[in-house]
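Asks: Line by line, the protein sequences are chains D and P. Residue numbering for the first sequence follows the numbering used here, starting at 1 and increasing by one per position. Residue numbering for the second sequence follows the numbering used here, starting at 1 and increasing by one per position.
Honestly, the hints are just simulated from the structure, not real lab data. What you are looking at is a predicted structure, and each value in this text was computed from that prediction instead of being measured. Be aware that one or more of the hints could be misleading.
[Claimed, not checked] FRET-style restraints, in silico, Cβ to Cβ:
# : chain 1 : residue 1 : chain 2 : residue 2 : range
1 : P       : ALA102    : D       : ARG91     : 44 to 52 Å
2 : D       : ASP250    : P       : GLY62     : 52 to 60 Å
3 : D       : GLU152    : P       : GLU277    : 35 to 43 Å
4 : D       : THR286    : P       : THR153    : 42 to 50 Å
5 : P       : ALA189    : D       : ASN89     : 52 to 60 Å
6 : D       : ASP163    : P       : ASP250    : 40 to 48 Å
[Stated by the list, open to error] Over 10 Å on every C-beta distance to chain P, these chain D residues come out as not near it, computed from the model:
#  : residue
7  : GLY13
8  : GLY19
9  : LEU59
10 : ALA61
11 : ALA73
12 : ARG91
13 : PRO109
14 : ALA126
15 : ARG130
16 : GLN134
17 : ASP136
18 : LEU148
19 : ARG285
The beta-carbon is built from N, C-alpha and C at its ideal position, and this holds for glycine as well.
There are 2 protein chains.
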Amino acid sequence: MSLVVVGSVAYDGVETPHGRVDRMLGGASTYISLAASYFTKVNLVGIVGEDFAQEDWDLLAGRGIDLTGLDRAAGKTFYWAGVYSEDMNDRTTLRTDLNVFADFDPELPAAYRSKPYLLLGNIQPALQRRVRRQMDGTRVVAGDTMNLWINETREELLETIRDWHVLLINDSEARLLTGERNLRRAARAIYEMGPQTVIIKRGEYGAALFRGEEVFLAPAYPLEQVSDPTGAGDSFAGGFMGYLAERGIDLESGRADMPELARAVVYGSVMGSFCCEDFGVNRFRTLSRAEIDSRFQEFRGLTAF
Amino acid sequence: MSLVVVGSVAYDGVETPHGRVDRMLGGASTYISLAASYFTKVNLVGIVGEDFAQEDWDLLAGRGIDLTGLDRAAGKTFYWAGVYSEDMNDRTTLRTDLNVFADFDPELPAAYRSKPYLLLGNIQPALQRRVRRQMDGTRVVAGDTMNLWINETREELLETIRDWHVLLINDSEARLLTGERNLRRAARAIYEMGPQTVIIKRGEYGAALFRGEEVFLAPAYPLEQVSDPTGAGDSFAGGFMGYLAERGIDLESGRADMPELARAVVYGSVMGSFCCEDFGVNRFRTLSRAEIDSRFQEFRGLTAF
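Just chain D, same shape as in the assembly:
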């Protein structure tokens, strides 16, 4: 079933201990859409400038992603540059040029509005809400957020996530949002805010899914080399939500069982791990569904006892 994805499409400059690229395709919705495209039909909502390269457009279109909702506006594409620490657990932003993204006011194509799955990438809560309101009869709404919105637009964020089914958030942000250091307590505090399914991303330590009193813990795939972690969390989200859409999983009717949600988390981890193997979106240029399913099976070996 189709998935609508909204978020940034960008050009990134990235430096890690394993290399440096001054300008390459990036942005949350790019990673989400590419990852999800292995599982389901994706409808992208975003904005790019006149400098957006045809080959990048072709990469997305080539993965079957519907780009009707990707506006091309006068000006330049959002640009972000950052450098990672030696252990890649921290990164420093060197430059953020919003460019055309500063005036992003998403208007969904009519055909997108009745799609059953919606993934709101990490953008301003007000924009996430605006997109949400344009959708009708959505089955599963999931979204991501970050410290900037938690700190600066907290009330707006709380208003926004109230009707989400799934909140995807990293561990430090979950603590910032809830004031709880313990993840189980943090998840419970998030239930009170609305989302009844909480996924806490833990970077190199994997991900945890909380739903009611149930918990599922997935490790990260033990890569021998992380070339570039940019987009790993978004690829995780794309894999997770892509799998839910592929399987037609409904989170409200109680039809979703934990093993099915757990498999979605593992597919998320699989997609995050592939993302890290090369710079930017490069790994998605060659990645096949067979490789994805093979790594999914490898996760069984890594965790079976």
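Since chain D is already given, all that's left is putting chain P on it; use the hints.
Replies: Only chain P this time, still in chain D's reference frame:
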């Protein structure tokens, strides 16, 4: 099958965000022995002073631990005091009084020397080697170490671990020992040093077992409150090695299959999680094997997909 455990027996003063105790039973071999005692017969090697309380002796003896090798010397028992950070990921040592431990020169009781399992707690490598040499026909030798020995007695440590089957080490120490940040590469570097089974303890993120090209990843149990993490790593080691001894697992003949080793790691995680639930060794005063097996089953639910 019997397990010989060597390491410190101590009194600890501990402060965490959840409380403070000025003096209570502690020490690596205390935690290891208590945890392992749920699985196998334990033979403790250590030293205490004249101040060692009868009730503490009784607690160990009451769990069936053989104390023939626990010397009682003139002077005071090893004393350590520390305070944990708010998130409990760091701790500051406030006091270390070696006392009788300064002259610890372990001489194994004759009956211990032919036991098939040996777990060398985190003490000076020279002492670990002395104990190792007194053993005869040991089936599995496992040991722990720490940054102090890696930094100050590196050559001695390398000489010591050369014939160990299992090295138990935490993640930052594995990096310090090998110079490799990536855990898979670190494990491979440790194989070169001798141990062919490497267990990397990751605190609140669980544990990873490496053997050849195989990897098993166990999460930590998602406790809602960690009262006191002191001894969690030692309890992990006790549960891991206790299970190997209970099952009579041999690491050299190739009889050990990964699922069996993986189950040992999960039992280690189970024992570490119980340890954290209360201050010091308190949780072991009431813990039952039924509770342990029940939490082991809970781990299946936490990781199944």
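Asks: None of the hints should be skipped; say for each whether it holds.
Replies: Here's how the hints hold up against the structure:
no.	hint	result
1	P/ALA102 - D/ARG91: 44 to 52 Å	47 Å, holds
2	D/ASP250 - P/GLY62: 52 to 60 Å	54 Å, holds
3	D/GLU152 - P/GLU277: 35 to 43 Å	38 Å, holds
4	D/THR286 - P/THR153: 42 to 50 Å	48 Å, holds
5	P/ALA189 - D/ASN89: 52 to 60 Å	21 Å, violated
6	D/ASP163 - P/ASP250: 40 to 48 Å	57 Å, violated
7	GLY13	24 Å, holds
8	GLY19	16 Å, holds
9	LEU59	29 Å, holds
10	ALA61	33 Å, holds
11	ALA73	42 Å, holds
12	ARG91	16 Å, holds
13	PRO109	35 Å, holds
14	ALA126	33 Å, holds
15	ARG130	35 Å, holds
16	GLN134	34 Å, holds
17	ASP136	33 Å, holds
18	LEU148	22 Å, holds
19	ARG285	24 Å, holds
When the structure is compared with the earlier hints, violations turn up for hints 5 and 6 and for no others.
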